[in-house]
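Participant: Chain by chain, the residues:
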Amino acid sequence: MENYLMGIKIAYSGVGATLSITVVAVIIGVTLGLIAALCKLSKHKALSLPAKVYIELLRGTPLLVQALILYYGVPMLLQQHGIMFRWDYPIIAGMIVCGINSSAYVAEIIRSGLQAVDPGQTEASRSLGMTNFQAMKLVIIPQAFRIILPALGNEFVSLIKETAVLSVITITEITRKSTLWSSVTFQSWPAYLGTAFVYLTLTIPLSRVVLYMERRMAQSDRS
Amino acid sequence: MIEVKKLIKNFENLEVLKNIDAKVKDGEVVCVIGPSGSGKSTFLRCLNLLEEPTGGEIYIDGEQINKDGVNLNAIRQKLGMVFQNFNLFPHMTTLENITLAPVNVMGMNKKDAEKIAFELLERVGLADKAQVYPSSLSGGQKQRVAIARALAMNPEVMLFDEPTSALDPEMVGEVLEVMRGLADKGMTMVIVTHEMGFAREVADRILFMDDGVVVEQGTPEHIFNHPESQRTKEFLSKVL
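Sequence lines, in order, name chains A and B. For the first sequence, the residue numbers in my numbering are 1 to 223. For the second sequence, the residue numbers in my numbering are 1 to 240.
Hints are computed from structural coordinates only; laboratory data are not their basis. Note that CB positions come from ideal geometry on N, CA and C, so glycine has one too. One or more hints might be untrue.
Label pairs and their computed distance ranges (CB to CB) [as the list claims (entries may be wrong)]: (1) B:Lys25 to A:Glu56: 53 to 59 angstroms; (2) A:Arg216 to B:His194: 35 to 41 angstroms; (3) B:Asp112 to A:Ser42: 32 to 38 angstroms; (4) B:Phe118 to A:Lys161: 50 to 56 angstroms; (5) A:Ser20 to B:Glu119: 49 to 55 angstroms; (6) A:Glu56 to B:Asp112: 45 to 51 angstroms; (7) A:Pro50 to B:Asn73: 25 to 31 angstroms; (8) B:Asp68 to A:Arg216: 43 to 49 angstroms; (9) A:Leu47 to B:Thr54: 22 to 28 angstroms; (10) B:His226 to A:Leu47: 55 to 61 angstroms; (11) A:Ala218 to B:His226: 52 to 58 angstroms.
Rough simulated footprint, nothing fancy, chain B against chain A, three-plus residues with beta-carbon under 8 angstroms [what the hints assert, rightly or not]: (12) 117-123; (13) 126-138; (14) 141-154.
One-sided excerpt, in silico: chain B residues whose CB lies under 7 angstroms from chain A [unchecked claim]: (15) Asn48; (16) Leu50; (17) Arg76; (18) Asn85; (19) Asn87; (20) Phe89; (21) His91; (22) Asn104; (23) Val105.
Take the sequences, apply the hints, and build the full model.
Facilitator: And the structure:
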């Protein structure tokens with residue numbers, strides 16, 4: 001019993017790192033995702049094509065590989081070009097790679113949300129003399145945001161779980177804490193059971209919140 | 001005011017407007033009637049370039065609007081538009097719907113914009129609905145707010161795209177009443193409508209469109225009582 005509690009306690013000590021990576025990654029993801037979505041929807045090929053490639057590349061490769069490229073690959077590339085660079089704080093690399101990875105998925109969520117807003121809303125805005133940018137900012141994006149809020153919430157929840165792969169780039173988040181403890185004590189079963197339990201204490205309440213938002217959305221749609 | 005020369009609009013291979021010539025004078029109320037699919041709405045939507053014409057010229061106040069380099073947003077401010085489906089902004093209150101464009105497009109300060117908005121709401125009979133969201137308004141009320149929203153930009157012309165077609169029959173009257181009031185005040189209006197009684201009563205001129213052309217035009221008296229074209233006669237015999 002003592003070992004089980006210890007397993008939970010060890011895993012729990014990584015919650016701060018996991019959550020801070022997730023929160024920063026979501027902020028990066030939503031910002032870059034919005035830009036990528038707007039570019040992808042643009043009529044100009046010079047904007048839409050790079051956005052499509054960006055989204056394809058990130059969705060087509062594993063997060064683990066992206067993390068390895070950014071954490072180990074990029075410093076080597078820079079050093080070859082005479083720039084001395086290493087990640088002094090791996091957690092920053094983790095935030096960046098999760099943020100960029102998430103932005104591709106968020107971009108698709110936002111794109112579908114923008115397309116779900118009635119085209120009549122754009123027409124009404126433009127007929128009032130608004131520029132395309134004003135119509136987007138004042139009318140379309142606020143409505144799209146409400147539509148995609150549950151989907152964004154789910155993305156947030158799955159990102160919490162995906163940060164586990166960052167343990168390979170030495171970030172001591174939940175999973176790595178457990179791995180380290182297990183490799184010293186050989187208490188693999190309590191260690192990883194604790195890991196799973198701690199992830200659940202994060203994801204279950206958040207999923208509930210997302211579900212609640214979805215219900216609220218459905219109600220306001222009906223009125 | 002508005003002059004349309006040889007207007008052509010194609011969607012892919014479909015010819016929707018075939019060589020339309022039309023004029024709307026200052027203060028004139030023009031109603032566009034005709035069967036569904038005749039190109040009425042497309043014609044109206046070309047006037048503020050919600051649809052880009054394939055060919056021809058459109059002039060507003062003597063200035064050609066469908067050529068490169070024109071300030072489209074400035075021109076659209078002169079043309080208020082009311083849609084069949086209202087297209088109110090559902091995430092904003094009635095008041096915010098009306099003040100959004102004056103504040104953000106004309107740069108009016110919020111207080112002035114709200115003062116104008118309240119006057120307009122008074123005019124369309126909805127002064128008590130300033131703080132509610134569109135979802136709690138009836139169809140007729142939504143359309144009256146949409147009219148107020150367009151008027152808030154102080155347009156020179158109002159374009160109406162079947163403003164009563166999406167309404168319950170009992171709500172048609174209140175919207176037509178507001179439009180009648182506008183016409184009485186001398187507003188230049190172009191109205192695409194299926195309300196023949198209203199067109200006859202309010203219009204200075206009627207355009208009858210069919211299959212992408214203006215088949216016949218004239219005073220309501222002429223169109224409704226002495227139509228010349230066989231096609232006009234057929235259409236009217238079905239709808240009157």
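Participant: Hint by hint, which ones does the structure fall short of?
Facilitator: No numbers; nothing is violated.
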